[in-house]
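With chain E's structure known, arrange chains S, U, H, A and G on it following the hints.
Chains as they are written, first to last, in this note's numbering: chain E, 1 to 211; chain S, 1 to 211; chain U, 1 to 211; chain H, 1 to 211; chain A, 1 to 211; chain G, 1 to 211.
Among the clues, some could well be false.
Note that the list lumps identical chains together, so a pair holds whenever it fits in one copy or between two copies.
As the list claims (entries may be wrong) - Taking lysine to aspartate or glutamate and the EDC-like style, the derived pairs with C-alpha atoms no more than 20 Å apart in a straight line are:
id : residue 1 : residue 2
1  : LYS106    : GLU192
2  : LYS184    : GLU107
3  : LYS184    : GLU97
4  : LYS22     : GLU192
5  : LYS78     : ASP94
6  : LYS8      : GLU160
7  : LYS8      : GLU155
8  : LYS82     : GLU71
9  : LYS8      : GLU183
Don't read these hints as lab results, they were simulated from the structure.
Quantities reported herein were computed from a predicted structural model and do not represent experimental measurements.
Protein chains: 6
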Amino acid sequence: MGMHQYIKSLSDLENIYRCPGKFKYQEHSVASHSFKVTQIAQFLGTVEEQAGEKIDWRSLYEKALNHDYTELFIGDIKTPVKYATPTLRAMLADVEESMTENFVHKEIPAPFQAIYLERLKEGKDETLEGQILSVSDKVDLLYESFGEIQKGNPESVFTEIYEESLTTILAFKHLASVQYFLEKVLPELLNETFTNQGALQKITADLIAKA
Amino acid sequence: MGMHQYIKSLSDLENIYRCPGKFKYQEHSVASHSFKVTQIAQFLGTVEEQAGEKIDWRSLYEKALNHDYTELFIGDIKTPVKYATPTLRAMLADVEESMTENFVHKEIPAPFQAIYLERLKEGKDETLEGQILSVSDKVDLLYESFGEIQKGNPESVFTEIYEESLTTILAFKHLASVQYFLEKVLPELLNETFTNQGALQKITADLIAKA
Amino acid sequence: MGMHQYIKSLSDLENIYRCPGKFKYQEHSVASHSFKVTQIAQFLGTVEEQAGEKIDWRSLYEKALNHDYTELFIGDIKTPVKYATPTLRAMLADVEESMTENFVHKEIPAPFQAIYLERLKEGKDETLEGQILSVSDKVDLLYESFGEIQKGNPESVFTEIYEESLTTILAFKHLASVQYFLEKVLPELLNETFTNQGALQKITADLIAKA
Amino acid sequence: MGMHQYIKSLSDLENIYRCPGKFKYQEHSVASHSFKVTQIAQFLGTVEEQAGEKIDWRSLYEKALNHDYTELFIGDIKTPVKYATPTLRAMLADVEESMTENFVHKEIPAPFQAIYLERLKEGKDETLEGQILSVSDKVDLLYESFGEIQKGNPESVFTEIYEESLTTILAFKHLASVQYFLEKVLPELLNETFTNQGALQKITADLIAKA
Amino acid sequence: MGMHQYIKSLSDLENIYRCPGKFKYQEHSVASHSFKVTQIAQFLGTVEEQAGEKIDWRSLYEKALNHDYTELFIGDIKTPVKYATPTLRAMLADVEESMTENFVHKEIPAPFQAIYLERLKEGKDETLEGQILSVSDKVDLLYESFGEIQKGNPESVFTEIYEESLTTILAFKHLASVQYFLEKVLPELLNETFTNQGALQKITADLIAKA
Amino acid sequence: MGMHQYIKSLSDLENIYRCPGKFKYQEHSVASHSFKVTQIAQFLGTVEEQAGEKIDWRSLYEKALNHDYTELFIGDIKTPVKYATPTLRAMLADVEESMTENFVHKEIPAPFQAIYLERLKEGKDETLEGQILSVSDKVDLLYESFGEIQKGNPESVFTEIYEESLTTILAFKHLASVQYFLEKVLPELLNETFTNQGALQKITADLIAKA
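Chain E with its partners taken away, still in its complex shape (with noise of 0.2 Å):
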């Protein structure tokens, strides 16, 4: 089996939405997710780059624009399920290698193997594209769950993935495209008309003095 199963297999990717049953307004495909995430990595390496770090630029892209493929075969577990304890998340990490090592095995020519073996493992690291991966995810996600506040979705749920959201940027605070991100984006987003305004800017202050 070559590349052909491959290719069929990314339009499977815009049939699966993301936390399904929670969003009322905008549905998010995991397909429609990698691009706004890669498009976000894409400006942010760009803050990094005018501050003066060095980009991997190949590298950041293929993070960025692979890092939910493998939901196809592992599918979506809870967050919470996922954290119970140390030692199940090690076994679900170790599950998910092999079965991405299947796959790769399976599904990818030869020639290609090594390659999307690559691609395809989990790619928040230590390295700075890995670390701007995590905060694009989590920029995505916060932008996801601002468009239900802002369109006056009541769920608390939205605040809560808001701020996990945030908290998670926050982590990377040392970096120059969050300190870009804090400083000229979040602000403009906090201005729009919505009718829970002032509730958004004060936990958006409260998590940044924390922070």
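Chains S, U, H, A and G in isolation, oriented as in the chain E frame:
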């Protein structure tokens, strides 16, 4: 927090879709699936009763109606992940159990906690009602896959789901209701007009012969 | 023709939507509604049992699960048409009954006809189980309308549905389960954050005072 | 209350779907159907005119455009219910008429009430324009069912709808526009490539021979 | 090729959505929009007639019904592109005209070509019927944008569409039907309950004062 | 205005669908398409690299990721309109260029304007990366059309899209990655089981023979 959150959460099950990214012609929510499984269990129970078995109807309806409610807080872990190793499977079962307990203690008022712990625990046990649930769950899955096959969906995954469902049903062939399903229901399904009728009839005959 | 057509028809209930053209934020199929009503009946039955009532669980589950199946061949006649005159209402009830009989004789195998005639007939009778069904049907409708109100749907029709549902529920206020709903569930619902909270609280208080 | 409610209500017709639960490949709203029926009536009227008939265009457009507006407050009563007995049918027709009158008196400003009473009453009368409406309504239904058949929907209900539509159209075969449809349009439709072409051609030939 | 392709193509207009990517609460197909514009034109024509004007009803219905059919083969060119320069606008108008001619010659049988050339050409001319079409097209767009504003869509683009629609309508304020719309319909719309009522009332008053 | 509007606008690309009104089985948003094209470009670039070519990965990812962003403010002009005359085509290209410049100056902060002008300009140039983008865009379109053909969509437009895509791909047959696609990927696609397999294989063989 009282039963309001529980009643409200039923609506979230209308928005969680089964096998995300697979069904092209008709998608099935967890709420709809639960309705259909309970209807099928109602019918299979009737067959058992006519064959002289004693059915605990309260238990049967309860098992069928509630059997997928925990997907709300556990998520949908792909079967190959779940069954990767016996240790992992046992650990995941433990996590599901303790998460269900947490959920019940947090979301269900005290006078109903014992009852809902019972209702939300794994229902596919060795009792006749537990066995009928196992069969009903797979009969609905078999019909869901047949719905795609009949409409001409060429993806082989639906033939695989059909086979897997029938294999599980056949594991319960000692039940009068399974005998009825094999003799009276399945032949009608296979006599519907559709393109790959011959192929599906052969798969079915082979599986029944082997069982 | 055997039970194959019946099982297959369950899927058609996934495609019939309630109050077509009204819900803007979340639509509800007849299959999903039947699931939710059965869940609610399960809970209200539990409350009755704890209050010392004897519940015929088989009957309660059966009534709730099957109560809207006949929409498949009768359709959705708007309430004002149905109740235009007492004569018309009686004639429509007769037509529904004879169509249900025709359906059972045509689609259900002989050994199960008597059972399904019972299951598909109007379940909202004077028994405790029939009364719980009447209440459960309206509790789900009340939650469906509340879902729209909470998300900010400004159409007055949802306030009207809320009022009409609550009015019917209050007609059964002699039931312990309705007392529980009014004292423990409804206040939680009204304490959720949403724009017109005050208006809905007032409507509710007025209706309860009048009941 | 003035015409604002009427104009706003047009949008509700975009959300009411025809034959709910039946169409798998493409659903059709009442608004879209009304547009297509008016387009088809426009064409059939043109054929009549070229055949020397005098068309009252104002009446024809008015009948076609408004013919399903009352579904908004009457709902969709299944044909077998509607036609169960002649008495029931007459009573339902009376109810529809008096509900239309109520609607007009309540929702349409006085200067336009007489005009809208005329526009919203049953348009399928004995006039040439009324007959063209009857035919146009069924031509669109025939195309809707053909859309499913051509895409491979195996449900026999669409063949039944095709037959029923063609039967009604043939009842108007004295019209030049129906002759044109049978001689010039239908053969093109039947020459499209699709799996059951032969079967549909035979059904068509048989119905035409019998007519 | 005869009229079969034309009748079949009507269904494609059910799948083309207006302002793709903008509407969050309710999308509108070109088919639905054409239905609503024809209904609105029917009403505005009635007002003109009561004001003593002579309406060519055949022309009015024809213009409204067919005014967006050519989107099928021209596509949806964004307004700023269309109006970038007068030369570009003229060239695009020429291209549309010659593509419409090509379409008619290729898809419409000879006896109907002259009639459909007339039906498919730009209908917004200087005649009273052409002016009513211009107004009706914008009244529907105004209601589409209001639908989003009333449901709480915070995107400023809908206020801009509302303003732009009203501005075009005001350019025809010499018409009795526009006077009626401004005096009797618009105030009812602005009296509906919605969050930004005051802002929209002010925008409206300012535009009317300036007109 | 800073990058907030740009990040937020990515979500609008999730709501713009390609070839509106055509796809019946699966629709594709511009966001999803951009993801798939970037994935395909990633693979074709890998083939080129293994064939000894030097790939500028940053440029390749950038071209693929951003190639349809401008659809947000330009819209979707049908190809026959775009290519009606050479003069019109040149004028439209000028308009697109100046609108992109306006967009960048209005929506992108000054420090990033030069970079985004480069990112948003037409990427299909004579460089190897530009050629890979041209091929990747058509490979995705070919898969999109194949998705409909395989599921049995009888509309000839998908065969036409398949042919047109393959023709453009063949124009780049001097590329090693196109050779790989023709020899290793396309035969796998044509060996899938579907009804019109023979017809599509013949079309493909004819086009390759002619190329």
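Practice problem: Run the structure past the numbered hints and jot down the numbers of the failing ones, going up. | Solution: Number 3 - this is the single hint that the structure violates.
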